[in-house]
Structures are given as C-alpha cells and as structure tokens.
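A.B. asks: Protein sequences, first through last, are from chains A and B. Taking my numbering, the leading residue of the first sequence gets 247, the next gets one more, and so forth. Taking my numbering, the leading residue of the second sequence gets 247, the next gets one more, and so forth.
I should point out that these hints are in silico values taken from the structure, not numbers from a laboratory. Be aware that a few hints might be false.
As the list claims (entries may be wrong) - Under 7 angstroms between C-beta atoms, here's a sample of chain B residues computed to sit facing chain A:
{"hint": "1", "residue": "277"}
{"hint": "2", "residue": "289"}
{"hint": "3", "residue": "296"}
{"hint": "4", "residue": "305"}
{"hint": "5", "residue": "307"}
{"hint": "6", "residue": "396"}
{"hint": "7", "residue": "422"}
Being a predicted model, the structure only gives us computed values, none of them experimental. Beta carbons: idealized from backbone N, C-alpha and C, even for Gly.
Residue strings, one per chain:
Protein chains: 2
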Amino acid sequence: MPMRATCATPRSTAERPMAGWRTIGVIGGMGPAATADFLRLLVAGVPAARDSDHPRILIDSNPQVPDRNAALAGRGPSPGPVLAEMAQRLMAQGAQVLAMPCNAAHGWAGAVRAVADDAFIDIVDAALAAAMVHRPARVGVIAIGATLDLNLYGRGAVPVVAADPARVQPLIDRIKAGDTGAEVVGAMNQIAADLVVDGADVVIAACTEVPLVLSAGAVPVPFVDTTAALAAATLAAARLA
Amino acid sequence: MPMRATCATPRSTAERPMAGWRTIGVIGGMGPAATADFLRLLVAGVPAARDSDHPRILIDSNPQVPDRNAALAGRGPSPGPVLAEMAQRLMAQGAQVLAMPCNAAHGWAGAVRAVADDAFIDIVDAALAAAMVHRPARVGVIAIGATLDLNLYGRGAVPVVAADPARVQPLIDRIKAGDTGAEVVGAMNQIAADLVVDGADVVIAACTEVPLVLSAGAVPVPFVDTTAALAAATLAAARLA
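Can you build the whole structure from these sequences, using the hints too?
C.D. replies: Right under this line is the structure:
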C-alpha cells in the first residue's frame with residue numbers, strides 16, 4: 247500500500263469532512279447592532295467551504311427586554327423573566343448552545359442558567375479566559391451600568407480597574423443611536439489609553455457596543471473584544487467532536 | 247402664546263416618538279454571511295435613539311436548506327418544503343413580516359407565500375422597484391443558478407442582460423468560503439463593468455453574496471444591492487403607521 251494513501255492529510259477545507267454542529271441560540275437585541283456584530287463574528291469564525299458547513303443559528307433580537315440599568319436602579323422591572331423566556335423559546339426551537347451578546351444582561355445570567363444550565367455560554371467567563379492568556383496583573387474594563395454595579399468582572403483572578411462610567415455611558419448612548427463616527431472612536435480610544443496609564447495591562451471591552459468603535463490596533467496593550475470572545479467560545483461549545 | 251411653542255418641531259430623534267414595529271422574521275442561512283449582512287442593514291436602517299426603538303427580529307439561519315441549484319438540476323430535493331416550514335415556525339414565534347435574503351431561493355417563493363401570504367416581502371420585487379427608480383432601458387443582472395434558470399428578474403418591465411454565470415459562480419463559491427479579498431473584488435468589478443458595456447444602465451447584484459464584494463462606488467451606473475433593497479422594503483412593511 248503506497249505511503250501516500252496511508253498518511254494522506256486533507257489539504258484544503260473543501261477536502262476535509264466538516265465537523266457537525268449543535269444549533270446555536272442567540273438571546274439578542276441588547277443592543278441590536280451588537281447582535282448583528284455577534285452574528286457576523288459567528289459566521290466569520292467558521293472554517294467553511296460552503297453554506298452547509300455552517301451551524302444553524304436561531305436569533306431572537308428583542309430590543310424590548312426590560313432595561314438592565316433601570317432595573318438595577320429600582321426604576322423598572324427585572325429583565326430576568328424575559329431573558330429566561332427567550333432562552334426557553336430558543337431551546338424549544340432546537341437551540342442546544344445559548345449565547346447572550348450583552349455584558350450588562352449577565353447580571354441576570356442566573357435566570358437564563360436556571361432554564362438552560364450548561365447550554366449557556368457566559369460572556370464574562372469567555373472574556374476573562376481570553377484576558378488571562380496574557381497573564382495580566384490588572385485588567386482594565388470599559389463598561390457601564392449593571393456590569394460595573396454588580397462587579398461582574400470582579401470574579402476573575404486579578405484586580406480590575408474600571409473606566410469612569412460617566413465617560414463611557416454617553417459614548418454607548420451615541421453608539422446605540424447609530425453614531426460610530428470619528429469623535430466617538432477618538433473618545434473611546436482615549437478611555438482605553440487612560441486605563442493603561444491607570445495600570446491595566448489588558449483592556450476588556452466589557453460592553454458589546456464598545457468593539458463597534460474600539461479595535462485592538464488602537465489599544466497599546468492586549469485587547470479583549472467580549473463579543474468576539476463570546477463568539478469563539480460559542481463556536482467551540484457548538485462544535486461536535 | 248409664543249410662536250416658538252406653537253411651531254415647535256422635534257429636532258432630535260430622541261425627542262420624536264418612535265413608530266411601533268411589526269416583528270420581522272428572517273428565513274436565512276443562504277448563505278450565512280448574506281444573512282449577517284442583512285441583519286446589519288436592518289439594524290442600520292432604523293432611525294433609533296435607543297434599543298427599544300428597534301423592531302424585534304427573529305432569525306432562522308439554516309444552512310441545511312436543500313441546495314437550490316442541485317434541486318433545479320434534479321440532483322437533490324426541493325428546498326420548498328423546508329423554506330415553508332421555516333416560515334411557519336417564524337410566524338408561530340410571532341413574526342408578522344417575513345424576508346428571505348437569498349435571490350435563488352425565491353425560485354421557491356411560492357412555497358413560502360402559500361403559508362405566509364402578504365407577510366412575505368419578495369427580494370425580486372424589492373430589487374426591481376429600486377432599479378425602476380432609475381428608468382433603465384435594460385437592467386444588468388449578476389446572478390447564478392435558479393435566479394437565472396428560472397429567469398426571476400425577467401418579470402420586470404424592462405429587458406434583462408445577465409452576466410455569464412460561468413464567470414460569477416466561481417466568485418460566489420469563493421465568497422461562501424470566506425474569501426472577499428482583492429482578487430474576488432476585482433473580478434466582480436470587471437463583471438459589473440462588462441455588463442455596462444453590454445448595455446445595462448442599472449446593475450443589480452441579484453445574489454446576496456455579490457454585495458459582500460461589490461459596492462456602488464465600483465459600478466459606473468446606478469447599482470442595486472438586493473440585500474439592501476430587501477432590508478428597506480422589509481422595514482417599510484414592518485413599520486406601524
């Protein structure tokens with residue numbers, strides 16, 4: 247038997263039999279542009295030669311989820327029940343791996359995990375794991391509202407230094423209103439640079455609107471895009487061995 | 247009473263009460279990157295000041311829909327029943343307006359319309375309407391497979407000149423495999439330019455992978471991005487008066 251047949255290794259994606267996938271469910275709409283960014287990253291993250299190499303993805307982009315920050319301030323209902331209901335509906339439709347591309351909503355991750363258990367891929371876990379690769383002494387976090395108030399990133403192994411939410415919030419509001427122009431980009435770059443001055447040796451964009459205007463090239467230390475970290479973790483969990 | 251109060255007109259989006267929306271359902275995954283592009287365009291097309299100004303969007307990105315071209319060639323099952331089932335499931339989940347960002351799949355639009363009726367927004371209708379604004383004598387169509395074989399764009403009011411599918415198909419295959427590099431862009435630009443030489447005075451990207459590498463700036467006559475035309479028509483249908 248010729249060696250070539252014995253040790254043949256597929257060279258192109260087209261030749262390689264693709265792994266199967268579990269169906270992915272996305273608890274989305276917080277905000278809608280971040281969900282669109284997440285879908286783009288999920289699709290780009292699949293080594294595919296053709297449509298059928300991709301996983302099935304079910305998305306519920308629901309911008310009517312009760313406001314996370316208002317809930318925390320006691321000015322509105324908890325988003326927990328709505329998030330749990332969205333998770334349940336996605337699973338009833340066949341979703342086997344669930345992701346929620348919004349950091350602040352993870353203040354209510356417990357409500358989702360109560361119905362989804364291990365099927366739920368946590369954005370904070372995914373982002374902290376991506377950050378720890380760089381062995382930081384201190385992680386810098388750009389976030390707002392519930393993400394900071396509930397100290398979601400505080401559960402990591404290293405101290406957190408957070409950007410001033412009073413500087414971040416107005417930029418998030420502008421991004422949510424569709425403004426990703428040079429002024430917003432410049433201001434966000436400055437916030438990242440100031441975090442490094444304050445001692446951060448990794449910067450985490452801990453709000454899924456942030457990477458819509460901030461990218462690795464603009465940050466002088468390793469940068470963790472939480473949307474991208476969640477997409478990678480979701481694909482890893484969805485891939486069948 | 248001061249004039250100012252009488253003629254006050256809201257100046258910012260934030261001041262304007264937003265119209266409500268019907269829930270949008272997306273029959274997607276053909277291909278996955280085109281569906282991600284469609285979601286991006288839907289979100290960008292909403293004049294929103296905050297998350298809650300957006301419509302709810304339910305997406306089924308199903309890359310396992312039977313191959314449209316294989317079906318037409320008698321080499322595989324019809325995608326019709328699967329597309330109808332996807333439509334039905336989306337409507338059962340609350341979708342009131344349905345869109346399918348894939349031109350070739352519209353060869354089986356009848357199967358979707360049979361269950362969705364007027365809720366279904368047809369990409370060919372949307373694209374032809376966008377093309378007719380420019381009062382063309384002849385529309386140029388960049389398409390493959392079922393879109394050409396079933397002459398989907400032939401139902402318009404003006405003659406169609408089609409790019410050679412033997413030139414288009416290999417580029418679509420590369421885009422579906424994630425290659426949107428300079429070589430693919432250059433080749434697609436040349437196809438558009440040649441259509442104009444052949445008499446087209448509007449060029450229609452009649453495959454939702456095409457606008458991933460071809461944009462208005464590269465086409466010497468008015469350009470219709472069918473994904474964008476469908477997004478605009480879908481938002482128009484979803485907006486409550």
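A.B. asks: Each hint should be assessed against the structure and marked as holding or not.
C.D. replies: Consistency of the hints with the structure:
Look at residue 277(B): its Cβ gets to within about 4 angstroms of chain A, closer than 7 angstroms, so that hint holds up. Hint status for residue 289(B): holds, given a least beta-carbon distance of 4 angstroms to chain A, under 7 angstroms. Evaluation of the residue 296(B) hint against chain A yields a held restraint, the C-beta minimum of about 6 angstroms falling below 7 angstroms. Because the beta carbon of residue 305(B) sits about 4 angstroms from the nearest beta carbon in chain A, less than 7 angstroms, this interface hint is met.
About 4 angstroms separates the beta-carbon of residue 307(B) from the nearest beta-carbon of chain A, less than 7 angstroms, and the hint is met. Hint on residue 396(B) is violated. Least Cβ distance to chain A is approximately 19 angstroms, over the 7 angstroms limit. Using the Cβ-Cβ criterion of 7 angstroms, the hint placing residue 422(B) at the interface with chain A is satisfied: the shortest such distance is roughly 6 angstroms.
Going down the numbered hints, you'll see the structure goes against just number 6.
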